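A.B. asks: Here is what each chain is made of, one letter per residue.
There are 2 protein chains.
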Amino acid sequence: MENNYVSIDTLKFLLYNVHQTEDLLSRDRFSDYDKTAIDIFLDSIKTFSDTALFPYIKDMDEKPSYFENGSIKVHPQFENIIKLGGEMGIVGLGFDYNDGGLQLPSAIFHAAYFIMEAANNHVSGYFGLTAGAANLILSFGSQKLKDIYVPNMLDLTWGGTMCLTESQAGSSLSDIKTTATPTNEDYHLINGQKIFISAGDHQFSNNFVHLVLARIKGAPSGIKGVSLFVVPKKRPDKNGELIYNSADIVGEFEKMGQKGYCTTHIVFGDNNDCRGWLVGEPNKGLSYMFQMMNEARIATGRMGTAIASAAYYASLKYANERPQGRKLNSSGQKNIEEEQTLIINHPDVKRMLFTQKAIVEGSMSLIFQTSNYSDKEITSTSQEDKEKYNLLLELLTPIAKTYPAEKGIESTSNAVQILGGYGFCFDFMPQQYYRDIRIISLYEGTTGIQSLDLLGRKITVKNGKALKLLAEEIQQTINSANNYTNLKPYATMLLENVGLVQKVISILMPHALKGNYERFLADATVFMDFLGTIVVGWQWLKTASTAQEILEKNVGNQSNAFYESKIHTMKFFYTYELIKTKGLAKTLMNNEELTISVSKEVF
Amino acid sequence: MENNYVSIDTLKFLLYNVHQTEDLLSRDRFSDYDKTAIDIFLDSIKTFSDTALFPYIKDMDEKPSYFENGSIKVHPQFENIIKLGGEMGIVGLGFDYNDGGLQLPSAIFHAAYFIMEAANNHVSGYFGLTAGAANLILSFGSQKLKDIYVPNMLDLTWGGTMCLTESQAGSSLSDIKTTATPTNEDYHLINGQKIFISAGDHQFSNNFVHLVLARIKGAPSGIKGVSLFVVPKKRPDKNGELIYNSADIVGEFEKMGQKGYCTTHIVFGDNNDCRGWLVGEPNKGLSYMFQMMNEARIATGRMGTAIASAAYYASLKYANERPQGRKLNSSGQKNIEEEQTLIINHPDVKRMLFTQKAIVEGSMSLIFQTSNYSDKEITSTSQEDKEKYNLLLELLTPIAKTYPAEKGIESTSNAVQILGGYGFCFDFMPQQYYRDIRIISLYEGTTGIQSLDLLGRKITVKNGKALKLLAEEIQQTINSANNYTNLKPYATMLLENVGLVQKVISILMPHALKGNYERFLADATVFMDFLGTIVVGWQWLKTASTAQEILEKNVGNQSNAFYESKIHTMKFFYTYELIKTKGLAKTLMNNEELTISVSKEVF
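Chains as they are written, first to last, in numbering that gives the first Met the number 0: chain E, 0 to 602; chain S, 0 to 602.
Warning: the hint list may mix true and false statements.
One copy or two, it doesn't matter: identical chains are merged, so the pair holds either way.
Claimed, not checked - In the DMTMM-like style, the derived pairs of lysine to aspartate or glutamate whose C-alpha atoms are separated by at most 20 Å in a straight line are:
(1) 223 with 337
(2) 57 with 253
(3) 333 with 517
(4) 487 with 591
(5) 143 with 22
(6) 585 with 495
(7) 223 with 269
(8) 326 with 592
(9) 581 with 495
(10) 502 with 592
(11) 82 with 471
(12) 62 with 253
(13) 579 with 409
(14) 581 with 247
It is worth saying that the hints were derived from the structure and are not from the lab. Note that the coordinates shown come from a computational prediction; the quantities given were computed from them, not determined experimentally.
Assemble the whole structure, with the sequences as input and the hints as a guide.
C.D. replies: Listed below in structure tokens is the structure:
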């Protein structure tokens, strides 16, 4: 297959078999859909990706977006992409019918975006941020705001953005300084600057709707004084004409990757007449934003997985076509008269391909697991179930963001390595994916921030209830796997790892209880690596167990080799990846406080 | 310090204290030098690096070398660099006085190049390859070849290259096809194409001297039929005038990093009159080339270390200047009224800095250890010592090439991460170093090739004698460390790791003895990771032990904090890095043969 950047067979196997997405379709919210309808929808996304997205990924890198005369110009293919994306309803995939959406499950939303991002990771942000901005207005905005803004965003006539960061604040949103001054009208006057605004502008949408965090004059300091505003690039006047609103693009950040996807610097209120409309109540901006942010974190992990998927298939193609070297005979020699073998036949190349496959498909499964909890939270009728799935979703979100980001770097690096010297050259794609994916661990809260969230909040919340629920979920998978003799050793290994998590937490938690939070959280990133590896190990056992069940019942619609490959890759993950957790646990349980006990002069 | 890309204090501590380079100076070959002379020399290299190299590293990335009208144009600063480098005798640093060199120890040669490469990794290859080519002519060429070529190369009037790879061969040099047809004169006619020729051309040298691997017509197949030729870009005619020699630059490979350093495609003999002069005997080309290659492998590891050093100091500077976030109080809360703290005060940022420091300084020490063996091999008078140091040098060479390459990626990735979103932007250097360093694991034999060399040759040679010698060297360090109570636990950990190496080899070796070489070598890259981590752990214990000794004897010329920081970083390495070896050992000892037992359809 020429445009091979994703395995749709694997995606559907994970979606339907491993994560039982069909079960969701019986719930009221999704009852208009059946598997056939979903398949047709995903096929249309694949066709769109094959024809409008994948063929332009390299050209977007070579012809980056750029800033000129106060606006951003993106690659000309975006004209077509924005038009088609608008027609296909991509912005509103998960929105309620009432809001003009398709009301698809989160799992299907992520599957569709995964395909598009594997084809071209420079594009989906223009859709996703518009969706996120529209979703915030729908969730918390007034009817008037909804009526004015959302319909134009749904068909991408207008784009949407999230404006959080400022140069002096970075990840510390307590420190944002953009102000909102009340007026006698229904708007505030916005003054300030925002940086790193993804998808902030382009020539193919008439207008941009910025969702801006700002402080209303006199608001409390810190995050408790942050409010959320709709600030359009151009505001509709009384006749509905769009007029200048002093939300000026003043520059673009030039980046080493995702060059087709613009990152802008916006100045609000240079003329003191930049108007913003409050969303929801004052001083609740950050909590509103976090609804979007949690979604965006899963989406970021998904994007990392998708880039790693594209790199995997690019390197697999090369490994299948490139002859080099020969197999060793029983004297450890090569027979030079033999034809060269394809490099895919070398064990070390297979190891690099398995490493990628294990990371990519394990991460895909984690994304679907997380979105499955999201769908179940939304559609559950009992409060108990809602809480359960919310806790599981909240616990997995930072992991689903971070594991694909960090391990995705390693995965794409393996893709580069398989191509040898060509891997470093612009003639082939892996080097681009290697550059593109490097942003994933920085977007939407860095790995450090995600790790503090995981250990500092998600593990401790409700006396560790989320982790207890996760352990139950994992135990179910272990029970299923124990039905199959060939999977038992791996089920045992996973069980040991669950015990190891409890042991590590029992060592760390006393620091928090004694009020020594700095010590408690010092190695949060190591904990993320540790727990992330175990959670993906769980996903692999679930995957292998599902494959084994299909093989034994002989009910698969794929070849036996397909299901056997999943079991084989699970074994690879356990033998080459999960085996690392004991070392990480030892690091976590060390008593040396090496990163706390020293002053900065040590460096 | 503005140009902070390397710590000269650490470099000198490793050179003089940890690796006792002054002892070498008492040997005949180096007896003209004392520490003062070496210090003056290194200071001059630092000044050259500060003024002529470091200020241009970013601009060379932004204005890459390019191919135009049959030749390569490099950044204009190279005019100055080539002139100064020639004047300073950089090409001949290690050469004999008789050959016009400075006869410096290998350790000092590497120290000088390390400083230059940390300042600007796009430059040193133009020096180093000229040196390597000249060295091959000096070692194996006729007096006539030496007289014609070497003096012009020593002052960089002419450049030099190594032409090995061809597109159909890649790492498999058995498969090169360039031919050499004997004539009645003293030259052969060369026909063929070579790719990935680093430093192949530029506008600031009059001529280029290519050292080309080719097959003499009728030679045996495989590596036994490969000969080495001097093929100048322009050949001197009878009057010494340089005339066209049909060695045409036909293109350049565009790369994601090291953009100032050209990578060319050369066609030899398009007019059937490309003349090459045989170096040494026919069919021995590869063994000659390997002398250079071993040097080049250490140099590549050194370059990786240097890039990681530059990235470390760039991120350290940022961490010391950037305020963001606040420390947690005993309720796990932040006091928003406090000033923001510098990010270097966050434990997770310290962890990322320590990770870099541990990798960078550990790799530096490994490079100096390796070059120390090289110096001792050359200057030893007994055959037994010569063999001992040769075996140790050969064993460490693939590790000294690979550890800095692979861990250097991780190290620079940490530098990017410390800068948050800015890490991904062209405004700051870490993203460039992250791109630049990605070539290191591909140059001069990929990580896979190095790992096969390590496990398949260096471990098995002479019934494992090299490894036995290494174990003795490590034991000496352990004995020294055991003199200090605070180092004992780490000495014990290292000793356990030496035992673990023996255990792993006892499991792997039977596969080789049974003739199952594919199985024996399947996880060679994992073995490289395993043994590399232990060897760098040894370097760290040696470093800490030296620091402790200086502290106890109170004989240091640096602050106590300097020596304490080395001990602290050793503890970090043992707690966060060396702890991984047990997991790697388990992977190596697994029985599943996961990368051998499956066909390529599994992917």
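A.B. asks: For each hint, tell me whether it holds in the structure or not.
C.D. replies: Hint check:
In this assembly of identical chains, residue 223 and residue 337 lie within 20 Å of each other by CA distance solely across copies; the values are 16 Å between and 72 Å within a copy. For a Cα distance limit of 20 Å, the shortest separation of residue 57 from residue 253 qualifies both inside one copy, at 17 Å, and across copies, at 14 Å. Within a single copy, residue 333 and residue 517 get their C-alpha atoms only as close as 57 Å, which misses the 20 Å cut-off; across copies the closest is 11 Å, which meets it. In this assembly of identical chains, the alpha carbons of residue 487 and residue 591 lie at most 20 Å apart only when taken from different copies (15 Å versus 37 Å within one copy).
For a Cα distance limit of 20 Å, the shortest separation of residue 143 from residue 22 qualifies neither inside one copy, at 37 Å, nor across copies, at 83 Å. Proximity of residue 585 and residue 495 under a CA criterion of 20 Å is satisfied in both settings, with 15 Å inside one chain copy and 16 Å between copies. For a Cα distance limit of 20 Å, the shortest separation of residue 223 from residue 269 qualifies neither inside one copy, at 26 Å, nor across copies, at 74 Å. With identical chains, the CA atoms of residue 326 and residue 592 are at most 20 Å apart between copies only, with a shortest distance of 16 Å across copies and 49 Å within one.
For a Cα distance limit of 20 Å, the shortest separation of residue 581 from residue 495 qualifies both inside one copy, at 10 Å, and across copies, at 17 Å. In this homomeric assembly, residue 502 and residue 592 come within 20 Å of each other (Cα to Cα) only inside a single copy, at 18 Å, whereas the closest approach across copies is 32 Å. Proximity of residue 82 to residue 471 under the C-alpha cut-off of 20 Å is found in neither arrangement, the shortest distances being 46 Å within a copy and 70 Å between copies. Proximity of residue 62 and residue 253 under a CA criterion of 20 Å is satisfied in both settings, with 12 Å inside one chain copy and 15 Å between copies.
In this homomeric assembly, residue 579 and residue 409 come within 20 Å of each other (Cα to Cα) both inside a single copy, at 15 Å, and across copies, at 17 Å. In this assembly of identical chains, the alpha carbons of residue 581 and residue 247 never lie at most 20 Å apart, being 52 Å within a copy and 56 Å across copies at closest.
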